[in-house]
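According to our numbering, the residues represented by the sequence shown are 1 to 1015, in order.
The set of hints was computed from the structure by calculation and includes no laboratory data. We put the CB at the ideal spot given by N, CA and C, even for glycine. Any given hint could turn out to be false.
Stated by the list, open to error - Computed list of lysine to aspartate or glutamate pairs in DMTMM-like fashion (alpha-carbon distance at most 20 Å, straight line):
(1) 289 <-> 111
(2) 137 <-> 253
(3) 268 <-> 314
(4) 742 <-> 691
(5) 276 <-> 297
(6) 87 <-> 46
(7) 104 <-> 2
(8) 270 <-> 260
(9) 87 <-> 48
(10) 754 <-> 713
(11) 194 <-> 111
To be verified - Derived CB-CB ranges, DEER-like:
(12) 798 <-> 84: 47 to 57 Å
(13) 11 <-> 511: 37 to 47 Å
(14) 830 <-> 84: 35 to 45 Å
(15) 621 <-> 331: 31 to 41 Å
(16) 798 <-> 388: 57 to 67 Å
(17) 53 <-> 21: 18 to 28 Å
(18) 586 <-> 752: 17 to 27 Å
(19) 47 <-> 197: 43 to 53 Å
(20) 497 <-> 36: 49 to 59 Å
(21) 752 <-> 98: 47 to 57 Å
(22) 253 <-> 511: 50 to 60 Å
(23) 479 <-> 751: 39 to 49 Å
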Amino acid sequence: MDHLQNDCNIPWIRAGLVLRRDGSIPPPKTKDEFHRFPKKCGWHLDDEYDLHVSGNSSDQGFISFDQLLQAWLFFGLIFTVLQRDDKPILSFDDLYSGSNLSTKSLQKAVEDWVLWEVGQPENRWARLIQIEYVLKKARHVVRRYCGCGPDGIEPRYSTDMSGAWHLTDEHALALMVVGETLWAAKCRIIQQCKADLAGWHSDDDAGWGPPRYVLLKMQDKGWCKRAVFLLKGQLRSNASLLLQALSAYNDSDRMINGHEECDSTTCKAKVVDKNKEYATRCLWKCKTKKCDLVGPDMNQVKDILGMEEDKMAEMGNRDIPLVRFKTENSDDPDPEEFTLEVEPLRLHDAQPFATISHVWSDGWGNEKTNQLRVCQLRFIRRQLRRANNGKDIPFWMDTLVVPVMENNMMDPELRRLKTKAIGQIFEVFAKSSYTIVLDNGLCTMPLADEDKPAEAAMRILASQWMRRLWTLHEAFLSKKRYITFEDSSLKENNLVSLEKLQNDLATREAQKSPLVNSLRELLLQNTMSDEHSTIDALDRGRYGGISKIQAAMLVSGVWRAARWRTTTNRAHETLALATLLNVNYEETEIEEAGLTLHVSDEKINRLVCEFWRTFHSTYKNCIPPGIIFLPGGKVELNGTLGYGWAPKTWMSAHEVDYPDPLSKWTAETDLLEGEGLLVKYPGFLLRMNSEAMRGRVLGLNSVDEDDFTFPVDDSLLEWYTARPADPGQSIPFLSGVLKSDKRLAIILSRPQPKASPPEIGLLVEIYRPSVNKVRESEGSGSSQTYRCQIIRRLHVRRETKAMYLTGPGQNGPQLTDPSDRKKHPHWEIITGSAKKEINTSFSSTEAHTTSSNEETQGFCIGETLPPQQAWIVDGYVVNRTEIAKSRNRYQGPPITATQTQSQQQVAGPDANEPLPTTKDIDIKLNHSRGSAVTPASINRSNTAQIGGQTEGSWTMPSLRRFFGSGSARPRSNGPQPGINRSQTQALVEFPDRASQRLPDGAGPTSLRRHKTHGI
1 MDHLQNDCNI PWIRAGLVLR RDGSIPPPKT KDEFHRFPKK CGWHLDDEYD
51 LHVSGNSSDQ GFISFDQLLQ AWLFFGLIFT VLQRDDKPIL SFDDLYSGSN
101 LSTKSLQKAV EDWVLWEVGQ PENRWARLIQ IEYVLKKARH VVRRYCGCGP
151 DGIEPRYSTD MSGAWHLTDE HALALMVVGE TLWAAKCRII QQCKADLAGW
201 HSDDDAGWGP PRYVLLKMQD KGWCKRAVFL LKGQLRSNAS LLLQALSAYN
251 DSDRMINGHE ECDSTTCKAK VVDKNKEYAT RCLWKCKTKK CDLVGPDMNQ
301 VKDILGMEED KMAEMGNRDI PLVRFKTENS DDPDPEEFTL EVEPLRLHDA
351 QPFATISHVW SDGWGNEKTN QLRVCQLRFI RRQLRRANNG KDIPFWMDTL
401 VVPVMENNMM DPELRRLKTK AIGQIFEVFA KSSYTIVLDN GLCTMPLADE
451 DKPAEAAMRI LASQWMRRLW TLHEAFLSKK RYITFEDSSL KENNLVSLEK
501 LQNDLATREA QKSPLVNSLR ELLLQNTMSD EHSTIDALDR GRYGGISKIQ
551 AAMLVSGVWR AARWRTTTNR AHETLALATL LNVNYEETEI EEAGLTLHVS
601 DEKINRLVCE FWRTFHSTYK NCIPPGIIFL PGGKVELNGT LGYGWAPKTW
651 MSAHEVDYPD PLSKWTAETD LLEGEGLLVK YPGFLLRMNS EAMRGRVLGL
701 NSVDEDDFTF PVDDSLLEWY TARPADPGQS IPFLSGVLKS DKRLAIILSR
751 PQPKASPPEI GLLVEIYRPS VNKVRESEGS GSSQTYRCQI IRRLHVRRET
801 KAMYLTGPGQ NGPQLTDPSD RKKHPHWEII TGSAKKEINT SFSSTEAHTT
851 SSNEETQGFC IGETLPPQQA WIVDGYVVNR TEIAKSRNRY QGPPITATQT
901 QSQQQVAGPD ANEPLPTTKD IDIKLNHSRG SAVTPASINR SNTAQIGGQT
951 EGSWTMPSLR RFFGSGSARP RSNGPQPGIN RSQTQALVEF PDRASQRLPD
1001 GAGPTSLRRH KTHGI
C-alpha cells in the first residue's frame, strides 16, 4: 500500500509476505489460470463466492487460506490485470520488500498499462470485458471474506494464527487497496477510450471494504462513533478512502474531543458552558478566553426586516439586513477595536456582499443574543478581507441578523421577523459574492500542499461542516466557497477555494492517483456542485422556469447529499429542505418550523406531508418516482392516507441502493391526495399456491429461510430470487397480510434485474386494481393501474445457479429422496400440488417455524408487467378499505349549533361589510388539504365557536362572501341548525381536486386567506 504515500501522505502499512520466494506456489498470470487457481490449490469457489476445501489439488498441493488469497488476489490479480502484449508488467520480486508486501512500483505499472491500452484499440473491448470478469470475481471474494459487515459485523477471517481462516488485518487491507487501485485504472481506460459497452461493465461503484484495520484504528483513537458510521457509508466502504480519512485527521483531535458520549446514531458533541447550556465560544487561540460579546444594533436589523418590500424598493433597497465592520483605520488588517454597522442590501447596483457558513455546534452561534465574541469577529473580518483583495465588505451571518427569541417566544412581531429572515436564506446565499466556511476542525489544520489536492479534499469531505444539514444549502447556493484553514499569520492566505480544488482534482496529473477521481466525485456530490447550474432555473421554478426532469433530479441530488447530514432540531429538516428547493411554503406549518423547539412525531409527520404537498404544488408532477424505494421510516399519520411512501427523514445515513433509484426519471408522477403517489415502473405479479408459500414471500418464515425464488414464464428458464433488503425489520401487520386474499406484487426499479449485485424493489399488496382511462397507445403501458401499499423493500436478483438454468428436461426429475425436489424446482411447478394448503402455524411473534420440507412449502410464480406499469403507491394501512369508507363520516367531538334570529341577521349580508382578516378566521384545522377539521360550535346568529372557545369566531355572512358562493356547505346528519335545535356540524377543507368527500383528519393548522374553503 506504499503506492498511496505520494499523493495522500498515507504511511506504509506493512502486510507480511506469506508465500515462499522459491516459486513453489506460482501465482496465476493469465485469465484462465486466474479463474482456475482455487481449484488448483485444493479449494472450491461456489456460486455464492464461498470458498470450500475440496481436497482435489494439483501437484502443487493444498495451500492455506492466507496463502491462497495472497497468491491469487494480490500477486495473481496484479499479474493478470497489468499486462502488455499478454505479459505481466511486474514480477514477483517487484511486489515485496524484505518480509513485507510492497506496492511501491504499482502506480508506475498502472500508468504503463493505461497508456498501452489507450494506444491499442484493436480488440480492446474484448480485453476490458475479460478484465471486468477477473476484477468482479476478486471483489466478490474480498468483500465476502475481508470486509466488515453492516452494524460492525466482524469479517469472516480470523486473526488467530492457529485458525483455518487466518488472515491479518493488514493483509486484508492490502487486498482491498490493490483491488480498488486496479478497478479505478480500468474505469479510467473505459472513460478515456469511451469503451463502456452497455450491460457489460458494472455500474456498482462501491469499494472493496470496509476494512477492520481502519475501523479499529479509529475506535482505538476514540473517534466519534457517529462520524465513523457516516464516513463508512459516505465513502462507500472504499478501503483506500477510509485509510486516507484516517490519515487526514491523524494529527487532529477534531474527531476525539467532546465525542466521548457519541454513538453510531447520534453525535452528542456540543459547545456548552458550566451549566450545560450552549456557549458562544472564544477562538482556540484567544488568550483571554473571555472576550466581550459584540453585535449589531438589532433595532436597525428589525427595522429593515419589518419594512414592507415595496417601501424598501422606493428607497432603492431590499428588506435584507447586512453587517459591515467599521474601524478607525480601514487599512488595519486586524484592529482590536471596531463596531458593526447595519445596512440594507441595495436593490439595483449588484452590491457585492459575503455570507458566512458555519458549524453551529462549534460555538459560532448564540441562543440568547445576536452577538459573537470579539476574537470570533476579528477572525471573520480577516477571512472576509483575504477573499476580497484586502478590503472590507458587508456580510450576512445568521447569528447576527436572524432575531433571537429566547425570552420572547410568544411575541408575534418577533416571530414574524424571524420567520421572514429565515425565508430570505435562499436569496441571500444565491446572490452573495462568496461564502466563507468556518469549521473549527479545518481552522486548526494547516494548508495541504498544493500539489496534493486529494489531502485537502479529504479533510473537507470528512469535516463537521459536511455533516450539518443547514450548511448543505449554503454550499449549494453559493457562487464561490472559501474553506478556512489554519490562520497562522496575518500575511498568509489560509483560504482554499472549493471551486479551484475541484478543478485541481480534475487535472490529468491528479487523475493518475487511484483516489482522486472518487474523491472529486464525492466532493461534487456532497456539495451539490453539479446541480449548481440549476439555481437560476430553481429561482424561476415557482413560475414554470424549471423542467420536470430538472426538478426531480435536483431532489435526487439533495437526497444524496442530505443523507449524511444531521440537524439538532428535527423540525428544521423540512424547513431547510424547503428553503434549499425554493418551495413556496409561505403560510404553511413549515413556515413556523424554525420557531419550534420541541416537536412530536405527529408534528414531524405533518411537516413531511406538508412539504410534499407544497413541493407538488410548486413543481407539478416533479416528485422523483424513485423516492418510493428509499430506506428508513415512512410517514405514519393516523387516519391520513396517501403519504406512506414518503421518508420521514432524508438524513437516513444509508448507502445508495443498486441501481440508484433516484438517478432515473421513468415518467411523470402525480400526488393523489388520499391515495398515494402515482409512478410507473416494471414489476411482477406474484401467485402462490399455498399459504405456507405466501408466508415465505412475506418473510414470516425467516427463521430458516429469508428468500424466495420464482420463474416468470413457461420456459422455466428465467428465475429470480428476492429477499428482504432490511433484515431484522419489524413489520407488525404481516399476519394480517398472510390471511388476506389481496394479490402480492413486486415493483422493480428497472426491468430484468441482474444477477449481481441484487437490485432494489418493493413487495406490495394490491388492494384495488382499476382500468386505465388512457389507451395503451398513449403510453400507459398497461390496461390497469394498481393501487398498492408497501409491505417491505426487497433485493431482487436473477438466478444463475445451474439447477435454474438447465430447464425442466423432458423425462421428469430423478428423485431418490424427498429433499431432492429442491434441486429440481421446475418439477415442483409442473407436478406439485395445486391445492391451496392452509397453514396456521404462524406464531404471534411473526416467525414461521414449521418444517422446511419443500413439499409443504408450495411454489410461487411471477407474471411480468410492462416497463411503464402504473402504480399508485402508499404505505401499508391496516383496514384501508374501512378507513376509506369512513372518510365521509365525521368522527370528532360534537359541534353544537344553535339558531337564533334577529332583524339584522335575517336581513342578509351588508354589501359594505369588510372581508375578515386572517385573525378572524384563524380556525384550527388539520394541515392536510382534503382532511376533516376540528369541530366548531356554530350558531346562525353570528359566530361559530371552535372547541368551545370564543377565540377564532367569525361572522357567518363574512365567511360566506369571503369563500365565495360556489363553496360547499357544512355537512351534517340532519337538517340545518334552526332555532332551539342543536346538531353536529364540521367545517371542511376540500382538496385541490374536484372531490367533495369529507376526508379524515388528524391535527391542527390554520385556515389561511389564500385557500378556498366551503362553509
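Hint by hint, here is what the structure shows:
The hinted pair formed by residue 289 and residue 111 fails the criterion: a straight-line CA distance of about 53 Å is larger than 20 Å. Proposed proximity of residue 137 and residue 253 is contradicted: the alpha carbons are some 39 Å apart, above 20 Å. The straight-line distance between the Cα atoms of residue 268 and residue 314 is roughly 48 Å, outside the 20 Å bound, and the hint therefore fails. Distance check on the hinted pair: residue 742 and residue 691 sit about 12 Å apart at the alpha-carbon level, within 20 Å; holds.
For the suggested pair residue 276 and residue 297, the alpha carbons sit about 28 Å apart, so the restraint of at most 20 Å is broken. Annotation: proposed proximity of residue 87 to residue 46 is violated, straight-line Cα distance about 29 Å (limit 20 Å). With a C-alpha separation of about 5 Å, the suggested pairing of residue 104 with residue 2 holds against the 20 Å cut-off. Distance check on the hinted pair: residue 270 and residue 260 sit about 11 Å apart at the alpha-carbon level, within 20 Å; holds.
For a cut-off of 20 Å, the pair hint linking residue 87 to residue 48 is broken: about 31 Å separates their Cα positions. Pair hint residue 754 plus residue 713 holds up; C-alpha atoms about 17 Å apart against a cutoff of 20 Å. In summary, the hint linking residue 194 to residue 111 is supported, as the alpha carbons are separated by about 18 Å, within the 20 Å threshold. A C-beta distance of roughly 36 Å is found between residue 798 and residue 84, which places it outside the suggested range of 47 to 57 Å.
Range check, residue 11 to residue 511: Cβ separation about 23 Å, and the 37 to 47 Å hint is violated. In this structure, residue 830 and residue 84 break the distance hint of 35 to 45 Å, their C-beta atoms being roughly 53 Å apart. Range check, residue 621 to residue 331: Cβ separation about 56 Å, and the 31 to 41 Å hint is violated. The hinted window of 57 to 67 Å between residue 798 and residue 388 holds, with their beta carbons roughly 58 Å apart.
For the hinted restraint 18 to 28 Å between residue 53 and residue 21, the CB-CB distance of approximately 26 Å keeps it satisfied. Checked against the hint of 17 to 27 Å, the C-beta distance between residue 586 and residue 752 comes to roughly 46 Å, which is inconsistent with it. A hinted range of 43 to 53 Å is violated for the C-beta pair residue 47 and residue 197, which are about 24 Å apart. About 52 Å separates the C-beta atoms of residue 497 and residue 36, a value consistent with the hinted range of 49 to 59 Å.
The beta-carbon spacing between residue 752 and residue 98, approximately 51 Å, falls within the hinted interval of 47 to 57 Å. Between residue 253 and residue 511 the CB atoms are about 33 Å apart, so this pair departs from the stated range of 50 to 60 Å. Evaluation of the 39 to 49 Å hint for residue 479 and residue 751 yields a pass: the beta carbon distance comes to about 41 Å.
In summary, the structure is inconsistent with hints 1, 2, 3, 5, 6, 9, 12, 13, 14, 15, 18, 19 and 22 from the numbered list given earlier, while agreeing with the others.
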